[in-house]
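2 protein chains.
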Amino acid sequence: MDPKELAQQVIDGNRRALARAITLVESARADHREQAIILMDALKASNRVALRVGLSGTPGVGKSTFIETFGMMLIREGLKVAVLAVDPSSSRSGGSILGDKTRMELLSREPHAFIRPSPSQLELGGVARRTREAVSLCEAAGYDIILIETVGVGQSETVVSQMSDLFLLLLAPAGGDELQGVKRGIMEIADMILVNKADGDLKAAANRTCADYAGALRLIRKRSYDPEGYPKAMTVSALQDNGLTEAWTDMQTLIDWRRAHGHFDARRARQAEYWFAQEIRFGLLGQLDREPLKSMIAQLAGQVASGDITPSHAAHDVLTALREG
Amino acid sequence: MDPKELAQQVIDGNRRALARAITLVESARADHREQAIILMDALKASNRVALRVGLSGTPGVGKSTFIETFGMMLIREGLKVAVLAVDPSSSRSGGSILGDKTRMELLSREPHAFIRPSPSQLELGGVARRTREAVSLCEAAGYDIILIETVGVGQSETVVSQMSDLFLLLLAPAGGDELQGVKRGIMEIADMILVNKADGDLKAAANRTCADYAGALRLIRKRSYDPEGYPKAMTVSALQDNGLTEAWTDMQTLIDWRRAHGHFDARRARQAEYWFAQEIRFGLLGQLDREPLKSMIAQLAGQVASGDITPSHAAHDVLTALREG
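These protein sequences, in sequence, are chains A and B.
Using our numbering, the letters of the first sequence map in sequence onto residues 1 to 325.
Using our numbering, the letters of the second sequence map in sequence onto residues 1 to 325.
One copy or two, either will do: identical chains are not told apart, so a pair holds if it fits within one copy or between any two.
Lysine to aspartate or glutamate pairs mimicking EDC-like chemistry, simulated, CA-CA at most 16 Å apart:
no., residue 1, residue 2
1, LYS203, ASP241
2, LYS4, GLU34
3, LYS232, GLU188
4, LYS294, GLU273
5, LYS44, ASP308
6, LYS4, ASP31
Keep in mind the hints are simulated off the structure, nothing from the lab.
Can you build the whole structure from these sequences, using the hints too?
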C-alpha cells in the first residue's frame, strides 16, 4: 500500500492500519525503510499530541498489573491508551515482554486500548527506532496516553526516557539498604517514583521504601524543568487500585506546569535532536555489520591481533574500502 | 623526510627523529596520516618490546614526584625511560600536563630519559591514537620502560590501561570513607595501588588507606591473568624514595608471571583489536565533523528540533549525502 494512504488510515483510527504501519517501521529492509520515512512524514497532518509516559521496573515489581489497572482507570476517564515496550533482552531470547496479552487481560479487550509487544530479533538500536516511530504512530492515531514499558536493564531506561514526556520508576517494597540497587543515573531521569504493592503485609515496608526514596530524591539537584515538589515518590497498590488516581493527578500537575513553562516542547525538541544524532551513528556503525565489510574486518582483526598489521593501518584500509564502496 | 628513513633513525636511537616522528603521528592532516602509517609499519624491524606502565592519579597525589623518583631509580638500574601523557583536559584548556619539564627536573636532564607532554588541541580520540603510536615509537627507539601518565578524569584511565602492560593507581593518604571516591571500574583495571606520601605526619594515614584498599582489592573477583597476591596495594614515599624498589620488584614479578603464562602477549593482542575497532569508529564518526557534512547536520538539527523533519528522515538524508560523497 502507498505509505501516504496508510498514514491517512492510521490518522483515521484504523487499528489494522496502525498495526501494519508498526510492522513497516520494524522492518530492516531498505525499501521498507524508504516507505517508513514517507509514512512518518505524512503523520504530521494529524497535529495530535499525546502524553508519552515511560515506565521502568525490574521483573516482579508488578509492572503488568500496574499497566492493567492504570490503563483501565484512564479508559474509564474517557481516554485512549496505547502500550508499547522496549525490551533489550528480546533480541537475545527471541521472546518479548508484553508478548502475552493475557498479562493485561482487561486492557487487551478494550477497544480504546492498543497493546503492542516489543519486537524480537532486533538490536537495541533497532528496538529504539521502532518504538520511537510506533509512539508517533499511536499519537497520530489518536491515543491520548502512550505507555512505554521497559525492564530496568542496561541502557533501555535511557532509550525510553528519551522518548517520554514523563518517566516513571516502579519499585517494589524493600529494605532501606536496597536503595543502592537503583543507579544514580536512573534516579536522575525519574520524574516520579511509585512504590507498588502498598497493600497487605507489604504496606509498612512500602511506606518505608517510599520515605527512603523521597529522601534520596531530595538530595538530587533541583531541575529547572520541575515545579516545586518534583520529582516525587509515592506508594500505590496496583492490585487494589489504590493511589493510582492520586498518581495520575500528580502526573497531570507536573505536565501542565511543564507545558505552561515551555519545558514540554523544549524536551521534545531536545529528544528529536538526540534521535537524529543517534540515527546517524546507528546508520554509520551499522555499515560495519554488513558484507563484504564484515568479513574484511574479521580477517583484519586476526592480523591485528597477531601483530601482522598495525591497528591504524588496518582501520585505514577499512575506511578506504568503505569510501570506495 | 621519507617515513621509512625516519623510522630507521628512530630505531637507531636518534632523539630528534623520535620527537619528529611523534609530531608526525600527532598531525591530523590526511597526507601526514598516510606517512604516519608507513612510519608505524616500518617500526616492526626493531623487534623491541618495552614494558608499558600506565599511571593514573588525581592532581595532588604526587604523580610528578613519583615519576621523577621512580624514573631516576630505573635509570640507575641501567634502564632507559620514556614518559608520555594522556591529558583529556588539554584539548579544552590548551594547556597540558607534563607541559612543564621542570616538574621532573632531574629526569628531564637525563640522556636516558625521554619526556613528551600531552598534545593540546586534540580530542580524546586523537590524544589516544597519538599516545598509542608514540608508545610504539619509544618502544622501537629502545626505551625499556614507558610510563604513560594520566589524571583520573572520565575515560582517560580506560584509554591508558588499553595501551599499558601494567596499570598503576597512585593515591594519596585519606580517611577510609574516601575509598568510595575511586570508581569500581578503576579498581578493576588497576594492577597495583600505590599509596604515596607515606612519610612524616601522613605515614599513619597512608598505612590505613593502604589497608582499606588492600581489603577492597580482595573483594574483586580473582582475575585469570594475575598470580596469587595480585592486584596489590602498598605504600610508597616518592619524596623520600621509600618503597619504590619494592614496588618495582613486585611489578617485575607480576610481569614475569604474565609473560611466562602467555598473558602478556594475549593482552597486547586484545589491545590491538580494541584499538582497531576504536580507530574505525573514530574514523567513521569523524566524518561528521568535517565540511560540508558538518553544516548540513547543524542545519538539519535545527529543522529536527522544530519538528519540520523527522529524526529518521534527516538522518537518512545525511547518510545518503555521505554515501554519495
